[in-house]
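Peer 1: Using the sequences plus the hints, can you model the full thing?
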Amino acid sequence: MFGWLVWRDLILAWRRRADVLATVFFFVIVVSLFPLGIGPERETLRSIAPGVVWVAALLASMLSLGRIFGNDYQDGTLEQLLLTPQSTYLIVLGKILAHWLVSELPLVIIAPLLGLQFGLAQNSLAIVVVSLLLGTPVLSLIGSIGAALTLGLRAANVLVALLVLPLYIPVLIFGTGAVQASVGGTSPQPYLLLLGATLVLTLVFAPWATSAALKISVE
Amino acid sequence: MSNRKINWYKYAAPASFYPLAGKMIPWFAVLTALLFIIGLYVGFFVAPTDFQQGEAYRIIFIHVPAAWMGMFLYVLMAVYAGIGWAFNARLASMMATAISPTGAIFTLIALVTGSLWGRPAWGVWWVWDARLTSTLILMFLYIGFISLQSSIDDPRRADRAGAVLALVGVINVPIIYFSVQWWNSLHQGATIRIANKPTMAPSMLAAMLILLAACWMYSIAVVLVRVRYIIRERERESPWLAEVLA
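Sequence order for the protein chains is A and B.
When you line the first sequence up against numbering that gives the first Met the number 0, it's residues 0 to 218, in that order.
When you line the second sequence up against numbering that gives the first Met the number 0, it's residues 0 to 245, in that order.
Among the hints, a few may not be true.
Here are the computed lysine to any residue pairs in the SDA-like style, where the Cα-Cα straight-line distance is at most 20 Å [claimed, not checked]:
| hint | chain 1 | residue 1 | chain 2 | residue 2 |
| --- | --- | --- | --- | --- |
| 1 | A | 214 | B | 166 |
| 2 | A | 214 | B | 155 |
| 3 | A | 214 | B | 40 |
By construction, these hints were calculated from the structure, which means they are not laboratory data.
Peer 2: Structure (structure tokens):
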């Protein structure tokens, strides 16, 4: 059931490729705006690169949150899924995993390219990828709570930003911290460990909160 | 334990809580006024002038209680929302909704007074200090809660959705706080450290505590008034309300 659900969401996403690409391009465009707004000095760019990449990733992942449950809610699939004897926890986890694969993994893959534009060194680029790999699942997990709470509401997209962005702050701090540490020549390990700990914690609690929120919103 | 058993659950029903709250409000309002007058008197006339900061420090008499209230009311709101959700207690959920604007206002007061104090003390209106930043984030959490509840039309769904958000927020508050503190200690260069506070004069502490009590009384009074309005709005169909209002 879990695997089937992930597979189904992946197929659906493949059939709407343009949506996925839009998120990636949004990420690229937002990151590219910063040098234009701040100026092309290499030193400045290198020092702001970690923050820019991470904030853009936050915004891009938030943009796609509506898709986790939105379409299934509208055509009634979500209600049917919740009625199955399967545990809601697993269903929610499957939806989140599919969302991460579709909307966040492309960001992780393209991020080193953007880092190159900002003049990051090779080992820092590796840390960008590792920190994003650990951090973006947390974004999907926390974001799913917001997405479930705002299902079918007016102005859900703006609302979800208000709910979710403050909760993203620890991930942002740990993620940028890791990259900054490697740019500054110190070990990024403590940040990566903290990111990992955050991931484990949200992996346990977030799907539970999301299923509670889904039951509230669908009923 | 006692022979006289008071049925506390009785007051969990809006119908019996509504008149009780009505009777309690004047008392808390009077207490608020009294404590504010005493506290402000002690704060302005009894407490000595600080030898480092001069008269400007007196803003802490409102700043510190407001900051405490902002934090505490968030926890209280989450507790009420959680009770309302877990036990399906309407009144507890209404209390959570009623607390949220008061908490947000106290957080805002703490931010504004903090920045007013920062100007003479630090020379700038705003620093990205750990406490200021986490108070700002607390403000965002309140805004999220209030805007989520106000954009859901069905009151029962609004109550429960708010409960989930408030509980998630409460779990996150310590994580956010420590991460912000950590972030702050890393960027040492940009921040201005607060010098170790000299021990407070007893009258300063007294003024602060009296004003804290005043803020509590104010919060209780205002929340009760607001919860009465919420009850009137949600129970407008029920016969008991028509009787009370008649």
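Peer 1: Need the list of violated hint numbers for this structure, in ascending order.
Peer 2: 3
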